[in-house]
Amino acid sequence: MERLIPSNSCCDPWPHLTSLCFPIIQVTTGGRASYYVSYRREAFAQIKLPKYSLPKDMHIISTDENQVFAAVQEWNQNDTYNLYISDTRGIYFTLAMENIKSSRGLMGNIIIELYEVAGIKGIFLANKKVDDQVKTHITYNKGRDWRLLQAPDVDLRGSPVHCLLPFCSLHLHLQISENPYSSGRISSKATAPGLVVATGNIGPELSYTDIGVFISSDGGNTWRQIFDEEYNVWFLDWGGALVAMKHTPLPVRHLWVSFDEGHSWDKYGFTSVPLFVDGALVEAGMETQIMTVFGHFSLRSEWQLVKVDYKSIFSRRCTKEDYQTWHLLNQGEPCVMGERKIFKKRKPGAQCALGRDSSGTVVSEPCVCADWDFECDYGYERHGESQCVPAFWYNPASPSKDCSLGQSYLNSTGYRRIVSNNCTDGLREKYTAKAQMCPGKAPRGLHVVTTDGRLVAEQGHNATFIILMEEGDLQRTNIQLDFGDGIAVSYANFSPIEDGIKHVYKSAGIFQVMAYAENNLGSDTAVLFLHVVCPVEHVHLRVPFVAIRNKEVNISAVVWPSQLGTLTYFWWFGNSTKPLITLDSSISFTFLTEGTNTITVQVAAGNALIQDTKDIAVHDGEYVGEISRGNNNGLIFCVPLEHMSSNWVKITRRVDNMDVKIKQRFLLQDKHSKLQLLNQGSEYFYGLKVTSVPEDQILVAVFPGLPTSAELFILPPKNLTERRKGNEGDLEQIVEILFNALNQNLVQFELKPGVQIIVYVTQLTLAPLVDSSAGRSSSAMLMLLSVVFVGLAVFLIYKFKRKIPWINIYAQVQHDKEQEMIGSVSQSENTPKITLSDFTEPEELLDKELDTRVIGGIATIANSESTKEIPNCTSV
Numbered sequence: 001m002e003r004l005i006p007s008n009s010c011c012d013p014w015p016h017l018t019s020l021c022f023p024i025i026q027v028t029t030g031g032r033a034s035y036y037v038s039y040r041r042e043a044f045a046q047i048k049l050p051k052y053s054l055p056k057d058m059h060i061i062s063t064d065e066n067q068v069f070a071a072v073q074e075w076n077q078n079d080t081y082n083l084y085i086s087d088t089r090g091i092y093f094t095l096a097m098e099n100i101k102s103s104r105g106l107m108g109n110i111i112i113e114l115y116e117v118a119g120i121k122g123i124f125l126a127n128k129k130v131d132d133q134v135k136t137h138i139t140y141n142k143g144r145d146w147r148l149l150q151a152p153d154v155d156l157r158g159s160p161v162h163c164l165l166p167f168c169s170l171h172l173h174l175q176i177s178e179n180p181y182s183s184g185r186i187s188s189k190a191t192a193p194g195l196v197v198a199t200g201n202i203g204p205e206l207s208y209t210d211i212g213v214f215i216s217s218d219g220g221n222t223w224r225q226i227f228d229e230e231y232n233v234w235f236l237d238w239g240g241a242l243v244a245m246k247h248t249p250l251p252v253r254h255l256w257v258s259f260d261e262g263h264s265w266d267k268y269g270f271t272s273v274p275l276f277v278d279g280a281l282v283e284a285g286m287e288t289q290i291m292t293v294f295g296h297f298s299l300r301s302e303w304q305l306v307k308v309d310y311k312s313i314f315s316r317r318c319t320k321e322d323y324q325t326w327h328l329l330n331q332g333e334p335c336v337m338g339e340r341k342i343f344k345k346r347k348p349g350a351q352c353a354l355g356r357d358s359s360g361t362v363v364s365e366p367c368v369c370a371d372w373d374f375e376c377d378y379g380y381e382r383h384g385e386s387q388c389v390p391a392f393w394y395n396p397a398s399p400s401k402d403c404s405l406g407q408s409y410l411n412s413t414g415y416r417r418i419v420s421n422n423c424t425d426g427l428r429e430k431y432t433a434k435a436q437m438c439p440g441k442a443p444r445g446l447h448v449v450t451t452d453g454r455l456v457a458e459q460g461h462n463a464t465f466i467i468l469m470e471e472g473d474l475q476r477t478n479i480q481l482d483f484g485d486g487i488a489v490s491y492a493n494f495s496p497i498e499d500g501i502k503h504v505y506k507s508a509g510i511f512q513v514m515a516y517a518e519n520n521l522g523s524d525t526a527v528l529f530l531h532v533v534c535p536v537e538h539v540h541l542r543v544p545f546v547a548i549r550n551k552e553v554n555i556s557a558v559v560w561p562s563q564l565g566t567l568t569y570f571w572w573f574g575n576s577t578k579p580l581i582t583l584d585s586s587i588s589f590t591f592l593t594e595g596t597n598t599i600t601v602q603v604a605a606g607n608a609l610i611q612d613t614k615d616i617a618v619h620d621g622e623y624v625g626e627i628s629r630g631n632n633n634g635l636i637f638c639v640p641l642e643h644m645s646s647n648w649v650k651i652t653r654r655v656d657n658m659d660v661k662i663k664q665r666f667l668l669q670d671k672h673s674k675l676q677l678l679n680q681g682s683e684y685f686y687g688l689k690v691t692s693v694p695e696d697q698i699l700v701a702v703f704p705g706l707p708t709s710a711e712l713f714i715l716p717p718k719n720l721t722e723r724r725k726g727n728e729g730d731l732e733q734i735v736e737i738l739f740n741a742l743n744q745n746l747v748q749f750e751l752k753p754g755v756q757i758i759v760y761v762t763q764l765t766l767a768p769l770v771d772s773s774a775g776r777s778s779s780a781m782l783m784l785l786s787v788v789f790v791g792l793a794v795f796l797i798y799k800f801k802r803k804i805p806w807i808n809i810y811a812q813v814q815h816d817k818e819q820e821m822i823g824s825v826s827q828s829e830n831t832p833k834i835t836l837s838d839f840t841e842p843e844e845l846l847d848k849e850l851d852t853r854v855i856g857g858i859a860t861i862a863n864s865e866s867t868k869e870i871p872n873c874t875s876v
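Residue numbers for the sequence shown follow UniProt numbering, beginning at 1 and rising by one.
If you are wondering where the hints come from, they were derived from the structure by calculation, not from laboratory data.
Mixed in with the good hints there might be a few duds.
Claimed, not checked - With a straight-line Cα cutoff of 25 Å, these simulated BS3-like cross-link-like pairs (lysine-lysine) come out:
1) K347 to K267
2) K246 to K320
3) K320 to K307
4) K347 to K320
5) K121 to K101
6) K189 to K246
7) K51 to K101
8) K189 to K307
9) K101 to K56
10) K121 to K51
11) K56 to K129
12) K51 to K129
13) K189 to K48
14) K502 to K551
Bear in mind that the values here come from a model prediction, so they are computed numbers and not experimental data.
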């Protein structure tokens with residue numbers, strides 16, 4: 001964010017071209033503000049505040065006399081500001097006063113209680129807050145030295161005032177008027193040098209009670225009280241006379257005029273009817289010498305304008321005898337801002353009218369430079385009365401980083417002459433910066449950053465790096481930048497890389513970017529760890545279709561593209577409101593409740609976030625069977641389903657060929673109404689309808705990828721009784737029904753006209769027949785080049801009520817690997833009957849098979865790879 005900070009004045013010789021002598025821009029990055037200044041429309045340069053300064057707000061107080069006065073609010077300040085003053089170019093700022101009080105104006109604007117006395121350069125008044133007390137201070141050399149105001153010796157009645165510094169002093173309200181028709185609480189005029197009128201009080205601190213009006217005729221050295229209540233005071237006749245009107249909400253009829261700088265006042269009535277005064281307008285340069293007062297006679301009356309012509313109170317024009325000289329002093333010292341000044345003023349009591357050029361400087365002579373004519377330079381702090389020493393954060397032996405070998409620079413002595421100070425000779429030569437040749441420097445403070453400040457770049461796009469160095473010879477330092485991906489570049493100096501170094505990363509990951517700078521005096525390194533990301537386009541959640549309650553399940557997510565670098569995974573299970581967060585693409589989880597559970601994974605890569613959701617059937621495990629892929633036997637499809645119809649599914653190749661993108665919803669059913677194939681997201685679920693076997697007990701999952709393979713699960717009945725649970729014959733009956741249906745070619749469906757798909761148990765290296773009603777042999781020859789097979793193991797898990805907890809049931813069909821299958825009849829003849837008595841004892845299989853088949857089988861399914869081998873497939 002950028003914000004232009006306006007100044008209050010202009011030092012440009014062509015003000016019609018720009019209204020700003022020092023245009024200052026605020027740039028906020030990452031919540032921290034930086035400020036840039038342009039001197040006379042030159043290139044913007046960053047403002048240099050002391051390094052411990054962390055500004056959160058800045059206000060420009062003044063840009064007069066080729067210098068910037070800035071009020072800066074630090075990070076730990078609330079109602080106070082620090083005053084900083086700049087060099088002649090507005091770049092290097094030094095601290096002039098801390099904790100200047102601020103307040104809010106009527107419009108909510110910030111008012112800094114700092115006042116510059118008009119007509120005399122270098123004199124400022126400031127209200128400083130110390131230990132919750134606000135006290136008024138004055139300076140005669142632009143903030144180098146400050147002191148409290150000495151209270152008047154006597155009050156308005158002539159009684160002595162007992163007020164000893166520093167415990168008691170005079171305090172003034174320094175808010176200037178925001179209303180042009182009000183005099184404000186403090187005022188001075190350049191045409192009346194040394195005359196200052198302000199509202200304030202005497203005591204240990206500034207108060208808003210027991211206030212009066214005070215005046216100084218000598219530029220703030222001494223003060224007198226002129227009213228014991230608050231009055232508005234205006235300057236008349238170029239400052240030759242004063243007019244005062246009581247500041248009150250009550251109606252008034254009189255005003256007071258003084259010709260002797262407030263020593264005496266004459267009372268005049270300006271209206272016969274008391275007027276509620278809202279304001280007054282005084283034009284000091286008007287030849288008609290008229291003051292306009294406006295207000296209303298009552299709260300309901302209209303506005304009234306009263307013109308007061310005070311020309312008649314001046315008897316004549318002032319002559320030479322009516323003037324006197326006045327010497328500007330600073331506590332008796334005649335040299336102020338490096339010169340002696342003598343002003344011409346009208347004698348007190350001379351009731352004559354001044355002219356436009358009647359007042360001004362008569363004599364101005366330079367003084368010999370003394371300590372008070374110099375302030376501490378940037379990077380230095382004052383210790384004691386006049387000694388400037390380097391600050392803890394500044395190294396005076398280090399020239400600017402732009403200083404190259406063979407060039408020269410001005411080496412500061414720790415002092416700089418106050419801007420607009422006109423002193424000569426004396427200490428000027430001693431404190432003036434000396435020109436020195438730029439020394440060779442070893443590289444130090446090397447930094448490598450990206451142009452946008454981010455630590456994330458996108459694969460395939462430009463990443464721009466900028467190399468910065470705090471110290472070192474920019475023109476004689478070799479630079480090398482290693483991008484961390486096997487590519488590095490080198491430069492002889494900093495000139496070619498001022499606009500940054502661009503690089504395109506071709507892969508994702510975390511890269512260590514290393515910058516190396518070296519010259520004949522030393523070297524330095526800098527490291528940046530850059531995260532290169534590739535937008536995540538797809539995520540596929542791989543989960544088993546059936547899980548056993550209280551048994552750990554392995555779940556994984558596959559993303560595409562595969563080379564994405566570091567990813568964050570958010571896992572939601574069931575109705576959980578808080579995710580599990582991992583950096584790994586797989587996770588293990590134990591389901592505690594039966595039924596259908598939902599699993600959702602979200603993958604975050606940079607600013608991209610995608611998700612996938614799957615359902616898993618969780619059962620008690622007391623009555624669960626599975627026919628799954630194995631090394632010997634199982635379920636296969638004669639034809640790779642993915643390649644048969646472009647209108648059915650569209651294969652999108654992903655990691656391990658496990659991701660399938662559904663092109664449209666479909667419903668396929670075999671000719672005997674024994675098998676239904678339904679679209680369920682990116683996986684395929686089959687409800688196998690076989691006589692006497694309920695549909696909700698059979699679940700077949702067909703996996704994407706090649707070769708086409710499936711898992712068959714035997715689920716427990718929904719209303720399972722204790723008697724039914726223990727019936728071993730039910731399990732044998734289901735097994736026999738399933739194998740008979742598979743081996744008798746009852747499980748088949750028409751994939752497309754002329755092609756029947758048969759599903760049954762077979763060996764890994766053999767191919768089932770392709771049944772075609774139109775032409776069996778021709779269809780077999782057509783499919784010969786595209787058939788891929790996989791063996792699927794069949795095993796059932798059954799839990800009895802007795803002490804033996806688990807039984808593993810397997811069905812194997814032994815075939816000769818080189819024997820060619822001739823028909824479905826021979827297939828069924830060679831398939832043995834399966835009964836429970838054919839299996840080994842449950843105790844022997846418990847430890848060996850259960851965990852590896854049920855739990856490990858899931859991981860095997862998720863990580864299997866498809867084969868491109870073409871098996872034999874014949875038909876008769």
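Checked hints:
1. K347 to K267: Answer holds: K347 to K267 is near 21 Å, not above 25 Å.
2. K246 to K320: violated (34 Å)
3. K320 to K307: Not satisfied, since the Cα-Cα distance of roughly 31 Å exceeds 25 Å.
4. K347 to K320: holds (10 Å)
5. K121 to K101: holds (22 Å)
6. K189 to K246: holds (21 Å)
7. K51 to K101: holds (23 Å)
8. K189 to K307: holds (23 Å)
9. K101 to K56: With Cα atoms ~16 Å apart, K101 and K56 stay inside 25 Å; holds.
10. K121 to K51: violated (30 Å)
11. K56 to K129: holds (19 Å)
12. K51 to K129: holds (23 Å)
13. K189 to K48: violated (34 Å)
14. K502 to K551: Violated: K502 and K551 sit about 52 Å apart, past 25 Å.
In summary, the numbered hints that this structure violates are 2, 3, 10, 13, 14.
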